[in-house]
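Chains A and B are the protein sequences, given in the same order.
If you count the first sequence from 1, position 4 lands on 4 in my numbering, and the numbers rise without skipping.
If you count the second sequence from 1, position 511 lands on 511 in my numbering, and the numbers rise without skipping.
Everything labelled a hint here was simulated from the structure, so no lab data went into it.
Glycine included, every Cβ here is placed at the ideal spot set by N, Cα and C.
Some clues are possibly wrong.
As the list claims (entries may be wrong) - FRET-style restraints, in silico, Cβ to Cβ: (1) B:A400 / A:A43: 38 to 44 Å; (2) A:A23 / B:P543: 43 to 49 Å; (3) A:A6 / B:A521: 33 to 39 Å; (4) B:E532 / A:R11: 42 to 48 Å; (5) A:G39 / B:V404: 57 to 63 Å; (6) A:A43 / B:L28: 37 to 43 Å; (7) B:A245 / A:R37: 33 to 39 Å; (8) B:L419 / A:W31: 42 to 48 Å; (9) A:K5 / B:L514: 42 to 48 Å; (10) A:G44 / B:R544: 51 to 57 Å.
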Amino acid sequence: MVDPKALPPARKGPFVAAGVLLALPIVALMWVSSYAREGPVLAGFPFFYWYQLGWVFLAAGTTYLAYRLVLGEESRRRREAADRRASS
Amino acid sequence: MSAGLHAQDSAPGGVNVVALTVVIVLFLAVTVLGFRAARWRRGAGLASLDEWGLGGRSFGTWITWFLLGGDLYTAYTFIAVPAAMFSAGAVAGFFAVPYTIVVYPIIFIFMARLWSVSHRHGYVTPADFVRGRYDSRYLSLAVAVTGILATMPYIALQLVGIQAVLEVMGVGGSDNWLARDLPLFVAFAVLAAYTYSSGLRAPAMIAFVKDTLIYLVIIVAIIYLPIKLGGADVIFGAAKEKFSAPNPATGKPTGVFIPGPAGFWPYATLALGSAMALFMYPHSITAVLSSGRRNVIRRNASILPAYSFLLGLLALLGFVAIAAGTKPIGLDGQPNPQLVVPQLFEDFFPSWFAGVAFAAIAIGALVPAAIMSIAAANLFTRNVYREWIRPEATPAQEAAVSKVASLVVKFGALLFVLLLDKTLALNFQLLGGIWILQTFPTIVFGLYTRWFHRWALLCGWAVAMVYGTVSAYRVINPLTGKHFGGAVADVPFLGQTGYIALTAFAINVVVAVLVTLLLRAAHVPSGRDATERGDYLADAGDPRVADLPDAGGPGEPAGLTPR
Numbered sequence: 001m002v003d004p005k006a007l008p009p010a011r012k013g014p015f016v017a018a019g020v021l022l023a024l025p026i027v028a029l030m031w032v033s034s035y036a037r038e039g040p041v042l043a044g045f046p047f048f049y050w051y052q053l054g055w056v057f058l059a060a061g062t063t064y065l066a067y068r069l070v071l072g073e074e075s076r077r078r079r080e081a082a083d084r085r086a087s088s
Numbered sequence: 001m002s003a004g005l006h007a008q009d010s011a012p013g014g015v016n017v018v019a020l021t022v023v024i025v026l027f028l029a030v031t032v033l034g035f036r037a038a039r040w041r042r043g044a045g046l047a048s049l050d051e052w053g054l055g056g057r058s059f060g061t062w063i064t065w066f067l068l069g070g071d072l073y074t075a076y077t078f079i080a081v082p083a084a085m086f087s088a089g090a091v092a093g094f095f096a097v098p099y100t101i102v103v104y105p106i107i108f109i110f111m112a113r114l115w116s117v118s119h120r121h122g123y124v125t126p127a128d129f130v131r132g133r134y135d136s137r138y139l140s141l142a143v144a145v146t147g148i149l150a151t152m153p154y155i156a157l158q159l160v161g162i163q164a165v166l167e168v169m170g171v172g173g174s175d176n177w178l179a180r181d182l183p184l185f186v187a188f189a190v191l192a193a194y195t196y197s198s199g200l201r202a203p204a205m206i207a208f209v210k211d212t213l214i215y216l217v218i219i220v221a222i223i224y225l226p227i228k229l230g231g232a233d234v235i236f237g238a239a240k241e242k243f244s245a246p247n248p249a250t251g252k253p254t255g256v257f258i259p260g261p262a263g264f265w266p267y268a269t270l271a272l273g274s275a276m277a278l279f280m281y282p283h284s285i286t287a288v289l290s291s292g293r294r295n296v297i298r299r300n301a302s303i304l305p306a307y308s309f310l311l312g313l314l315a316l317l318g319f320v321a322i323a324a325g326t327k328p329i330g331l332d333g334q335p336n337p338q339l340v341v342p343q344l345f346e347d348f349f350p351s352w353f354a355g356v357a358f359a360a361i362a363i364g365a366l367v368p369a370a371i372m373s374i375a376a377a378n379l380f381t382r383n384v385y386r387e388w389i390r391p392e393a394t395p396a397q398e399a400a401v402s403k404v405a406s407l408v409v410k411f412g413a414l415l416f417v418l419l420l421d422k423t424l425a426l427n428f429q430l431l432g433g434i435w436i437l438q439t440f441p442t443i444v445f446g447l448y449t450r451w452f453h454r455w456a457l458l459c460g461w462a463v464a465m466v467y468g469t470v471s472a473y474r475v476i477n478p479l480t481g482k483h484f485g486g487a488v489a490d491v492p493f494l495g496q497t498g499y500i501a502l503t504a505f506a507i508n509v510v511v512a513v514l515v516t517l518l519l520r521a522a523h524v525p526s527g528r529d530a531t532e533r534g535d536y537l538a539d540a541g542d543p544r545v546a547d548l549p550d551a552g553g554p555g556e557p558a559g560l561t562p563r
């Protein structure tokens with residue numbers, strides 16, 4: 001149990017990396033002209049359809065990586081806050 | 001009745017007895033679960049909104065996954081998305097896939113903060129947060145009323161999902177309104193009863209059954225049907241052929257197989273606008289706040305896409321139906337695309353399996369309908385009843401009011417569907433999506449900054465609500481000539497067409513910024529913020545504000561922190 005008021009400041013790095021990971025699927029799917037075409041066909045599926053279904057898995061992956069990064073940073077801040085309280 | 005293309009020989013008029021029996025048995029099983037749920041993971045009784053309305057705020061990753069999956073991917077989605085693919089093609093239907101992909105990175109960013117501040121202050125609804133953050137009961141009321149208005153037609157549409165299933169089974173063809181609507185009435189009465197007694201625990205438990213059935217049905221269908229019909233290329237070929245043929249009424253192509261340049265903006269804005277709006281709906285936020293820890297929702301953001309993949313496959317069933325030559329004819333003899341998925345199952349599968357599929361859709365309607373009615377009831381109780389009518393209400397009284405309100409909401413939706421034209425529910429649902437996105441600046445920007453002035457946010461909301469409603473009204477359906485013909489309209493200054501909700505949102509933000517600058521220059525009081533920076537990072541186990549020595553704190557409306 002940590003008083004969230006006492007959390008040390010966040011490091012930028014992990015949050016920027018997580019932000020990029022989260023932005024990837026949004027940018028890719030908003031850019032409709034990059035995938036609104038028929039070929040190449042994969043197992044009978046036009047590109048338009050399999051490409052977007054493929055992004056379901058890619059987005060799940062990037063979101064999971066972002067989760068690990070953010071979680072790591074949040075637990076570091078909590079650990080430091082707890083350590084600081086114990087030593088004071 | 002055996003599988004085969006001519007299984008509809010028994011219709012019209014005939015009732016599919018085997019399928020109906022399967023549906024009734026599964027429905028009874030779910031009903032038992034719903035009532036038993038009252039005792040499941042029970043905390044300190046159900047006499048508070050934390051317990052009745054949020055399931056004790058204790059759900060872990062997997063329960064939340066089932067609950068949110070059952071909540072967001074509704075029966076209506078399962079009916080409407082393939083129907084749109086069947087009749088209009090990719091822009092109207094398949095945008096649901098990018099929509100349900102980009103929604104998760106978006107909520108990943110802000111939902112954990114909303115969870116934390118709500119946990120720390122005991123907020124039950126988004127409007128509670130707005131009240132505490134901006135110290136404005138008017139802004140809070142605007143958020144609450146928008147939420148209730150957007151949710152009501154959504155509940156009504158879940159009934160449309162059940163009706164579609166009943167109609168394909170041959171139930172409800174009678175001219176006698178009582179015989180026609182009785183099954184729906186019974187289903188809803190049962191739903192209302194166990195929601196009343198078990199609260200959010202009922203849909204949470206039923207969601208397990210619903211999601212399992214849906215996964216089973218879709219996976220079987222998506223493997224079996226393409227084999228039966230000759231493969232994916234045949235299916236996509238049939239869709240391409242249908243949509244490139246000109247429509248006799250308008251002379252334009254019947255639908256969109258792959259969007260051309262004119263479809264890029266509508267496709268992208270529909271996906272993005274819907275994604276941003278989804279988690280502004282009260283029922284989504286209710287499910288998030290019922291989770292037990294800050295990061296449950298973030299972990300879920302990476303596993304919920306499993307449902308998005310399922311939805312993508314389901315959307316393609318619309319194309320499968322084109323290739324199969326499915327004829328969705330209602331009991332009134334008129335074609336009705338909404339019946340396309342149930343009809344496909346009735347045509348191709350043995351009755352018992354069609355029954356499982358129909359049960360999956362019908363039960364799929366019960367879970368979101370329950371959560372939506374709970375969410376709307378919580379908004380009414382916290383942000384209308386206690387804020388404006390009885391500020392001294394105790395937690396037990398709140399729970400009691402909320403239970404009754406959930407009944408009123410559900411029967412309101414039922415009357416809406418039974419007495420009024422179904423297209424009215426559809427129009428309101430369209431408007432609901434536009435309206436609910438207009439609470440985004442107040443809620444989401446508010447999680448990060450107090451820069452925006454409360455009155456400026458209210459101005460932005462009001463302008464955007466009017467703009468969105470008027471624009472949606474002015475969209476004329478080219479086939480029927482009626483208003484509310486679609487969700488896409490011209491975007492001012494851009495020379496493109498886009499989702500009205502997103503255009504209204506942009507106007508909303510511009511107005512909010514300009515009015516904030518004005519009000520700040522005029523030194524209009526901006527109210528006291530009951531929250532502080534650390535609140536947005538709190539996790540389970542951290543002290544709640546109510547437990548701290550200075551409980552309540554300055555600016556916190558009296559009693560907004562329970563216990």
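Verification of the supplied hints:
no. : hint                       : in the structure
1   : B:A400 / A:A43: 38 to 44 Å : 56 Å, violated
2   : A:A23 / B:P543: 43 to 49 Å : 35 Å, violated
3   : A:A6 / B:A521: 33 to 39 Å  : 36 Å, holds
4   : B:E532 / A:R11: 42 to 48 Å : 22 Å, violated
5   : A:G39 / B:V404: 57 to 63 Å : 58 Å, holds
6   : A:A43 / B:L28: 37 to 43 Å  : 41 Å, holds
7   : B:A245 / A:R37: 33 to 39 Å : 21 Å, violated
8   : B:L419 / A:W31: 42 to 48 Å : 45 Å, holds
9   : A:K5 / B:L514: 42 to 48 Å  : 34 Å, violated
10  : A:G44 / B:R544: 51 to 57 Å : 55 Å, holds
Figure legend: structure checked against the earlier numbered hints; hints not met, in rising order: 1, 2, 4, 7, 9.
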